[in-house]
Amino acid sequence: MANEKKSFIGTTGQPIARENLRLYKNTGTGSTPVWAVIGKRVQDSSMELDWSADHGIDILGEGYGSLRAPLITQQFDGAKPIVGDAAIEEIYNLALVQHDHIALSAQDLLVEHKEAGWAERYETCTVEVTGYGGEGGGDMTMPFTVTFGGTRTLGTITRENGVVTFVPDGE
Amino acid sequence: MDSTSTNTTVKKSVDVDVQIEASRAVRAWLNSCPSKPCNIGMEYLPDDYGMALTVTETPYKAETYIDGSYQVAYECDLVYRCTPVTDDERLRADEDLDKMAVWATNHAADLQIGGARVCRVQRTTPALLVARYGNGAEDHSVHVQIFFEVDKNG
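Protein chains in written order, with this note's numbering: chain H, 1 to 171; chain X, 1001 to 1154.
Okay, chain H solo, but in the shape it has when bound (with noise of 0.2 angstroms):
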């Protein structure tokens, strides 16, 4: 079921490796898509989540606080152009040679969850290039910030002969 309580998987008592979290973007299409792994050569990137919270304190003296909906985030400061990666390559086109704004508003990314064995794709996340260069004998740099956004499907991820394929829950 969708909403089914996970689990961590491993030895009790030990923490999550960073590696279990992956984020995958579709460089295929909505019907027939090909994931392609963001974030090779990142060393730093978390989902932020931004739950809109209000706090307060009542007539009564009591403490309240609401939350809504999270506006998950997540940015790549260390981005870096690799030759090979479908990934950044097609970020690349969209952003720096077609400046399409409208695609970059609609891209289908998939979170993986390994550490609990779900994931989670959200169908229309905006993608921002917020940068392209860097410093002077380093590598080139493309720093973006994911904004997960859309219809948002619950999970799971099969890998066969290194392709991986979403499967969404019911199926």
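Just so you know, the hints here were simulated from the structure itself, not pulled from any lab data.
Treat the hints with care, since some could be wrong.
Once the Cα atoms are required to be at most 25 angstroms apart in a straight line, the calculated BS3-like pairs of lysine-lysine come out as [what the hints assert, rightly or not]:
1. X:Lys-1061 with H:Lys-40
2. H:Lys-6 with H:Lys-114
3. H:Lys-40 with H:Lys-80
4. H:Lys-114 with X:Lys-1061
5. X:Lys-1011 with X:Lys-1099
6. H:Lys-114 with X:Lys-1152
7. H:Lys-114 with H:Lys-5
8. X:Lys-1012 with H:Lys-80
9. X:Lys-1061 with X:Lys-1012
10. X:Lys-1012 with H:Lys-114
11. H:Lys-40 with X:Lys-1011
12. X:Lys-1152 with X:Lys-1061
13. H:Lys-80 with X:Lys-1099
14. H:Lys-40 with X:Lys-1152
15. X:Lys-1012 with H:Lys-40
16. X:Lys-1011 with X:Lys-1152
17. H:Lys-40 with H:Lys-114
18. X:Lys-1099 with X:Lys-1012
19. X:Lys-1152 with X:Lys-1099
20. X:Lys-1061 with H:Lys-80
If you only want the chain X side, here are some residues facing chain H, beta carbon under 10 angstroms, derived [as the list claims (entries may be wrong)]:
21. Glu-1063
22. Asp-1067
23. Glu-1149
24. Asn-1153
Simulated DEER-style distance windows between Cβ atoms [said to hold, decoys possible]:
25. X:Val-1016 with H:Thr-124: 46 to 52 angstroms
26. X:His-1107 with H:Val-83: 16 to 22 angstroms
27. H:Gly-65 with X:Gln-1145: 50 to 56 angstroms
28. H:Asp-44 with X:Leu-1128: 35 to 41 angstroms
29. H:Arg-68 with X:Gln-1145: 48 to 54 angstroms
30. H:Ala-53 with X:Asp-1110: 53 to 59 angstroms
Just so it is clear, the structure is predicted and the values come from calculations on it, not from any experiment.
Cβ coordinates follow ideal geometry from the N, Cα and C atoms, glycine included.
For chain H, the structure is supplied; the task is to place chain X on it using the hints.
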């Protein structure tokens, strides 16, 4: 204040098999240098003449990426043992080592360490005399850093 706290970052060592594979590959690659004075051994040097590769620090992860891949820093000395009699011969020994280090810097793409991608090779010291022995033998050494990436995505 916690007396046990420290601001230094602990270097994470790589697996032993990565270290051994890298040493084998680096030694074979250095032995392909056309200007080498003689064959390069691993750690061991004969009493009066020879060359050897020595690992100066346990290879460590210089950078770790969010997909589990990492960049390894492999630090080594290339040692040249010889018996120079004059300062000119001594300088020639340093020159031979420096030439090899420059060759290494320019031929990083020829180094094959398993399936890893070699990022860069850099010399961090000039060649210099580091030891002298009673039989007149001298060790000249140059320090080299090799950075290569281990891709965990397969």
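Hint check:
1. X:Lys-1061 with H:Lys-40: holds, 16 angstroms
2. H:Lys-6 with H:Lys-114: Distance ~11 angstroms between H:Lys-6 and H:Lys-114 Cα, so the pair holds.
3. H:Lys-40 with H:Lys-80: holds, 8 angstroms
4. H:Lys-114 with X:Lys-1061: Status holds; Cα separation ~23 angstroms.
5. X:Lys-1011 with X:Lys-1099: violated, 31 angstroms
6. H:Lys-114 with X:Lys-1152: holds, 15 angstroms
7. H:Lys-114 with H:Lys-5: holds, 14 angstroms
8. X:Lys-1012 with H:Lys-80: Roughly 24 angstroms separates the two Cα atoms, so the pair holds.
9. X:Lys-1061 with X:Lys-1012: OK: X:Lys-1061 and X:Lys-1012 at ~6 angstroms, within 25 angstroms.
10. X:Lys-1012 with H:Lys-114: Judged against 25 angstroms, a Cα distance of about 23 angstroms means the pair holds.
11. H:Lys-40 with X:Lys-1011: Since the Cα atoms of H:Lys-40 and X:Lys-1011 sit roughly 21 angstroms apart, the hinted pair holds (cutoff 25 angstroms).
12. X:Lys-1152 with X:Lys-1061: holds, 13 angstroms
13. H:Lys-80 with X:Lys-1099: Outside the cut-off at roughly 33 angstroms; violated.
14. H:Lys-40 with X:Lys-1152: holds, 10 angstroms
15. X:Lys-1012 with H:Lys-40: holds, 20 angstroms
16. X:Lys-1011 with X:Lys-1152: At roughly 19 angstroms apart (the allowed maximum being 25 angstroms), X:Lys-1152 and X:Lys-1011 satisfy the hint.
17. H:Lys-40 with H:Lys-114: holds, 17 angstroms
18. X:Lys-1099 with X:Lys-1012: violated, 32 angstroms
19. X:Lys-1152 with X:Lys-1099: Violated, at roughly 35 angstroms.
20. X:Lys-1061 with H:Lys-80: Holds, at roughly 19 angstroms.
21. Glu-1063: holds, 6 angstroms
22. Asp-1067: It holds, given that the least Cβ distance between X:Asp-1067 and chain H is near 5 angstroms, below 10 angstroms.
23. Glu-1149: Constraint on X:Glu-1149 satisfied, holds at 8 angstroms.
24. Asn-1153: The hint holds - X:Asn-1153 has a Cβ within 10 angstroms of chain H, the shortest such distance being about 7 angstroms.
25. X:Val-1016 with H:Thr-124: 46 to 52 angstroms: holds, 47 angstroms
26. X:His-1107 with H:Val-83: 16 to 22 angstroms: Since X:His-1107 and H:Val-83 have Cβ atoms about 20 angstroms apart, the given range 16 to 22 angstroms holds.
27. H:Gly-65 with X:Gln-1145: 50 to 56 angstroms: holds, 52 angstroms
28. H:Asp-44 with X:Leu-1128: 35 to 41 angstroms: Roughly 39 angstroms apart at Cβ, these two residues keep to the hinted range, so it holds.
29. H:Arg-68 with X:Gln-1145: 48 to 54 angstroms: holds, 51 angstroms
30. H:Ala-53 with X:Asp-1110: 53 to 59 angstroms: holds, 56 angstroms
Hint compliance for this structure: hints 5, 13, 18 and 19 are broken, all remaining hints hold.
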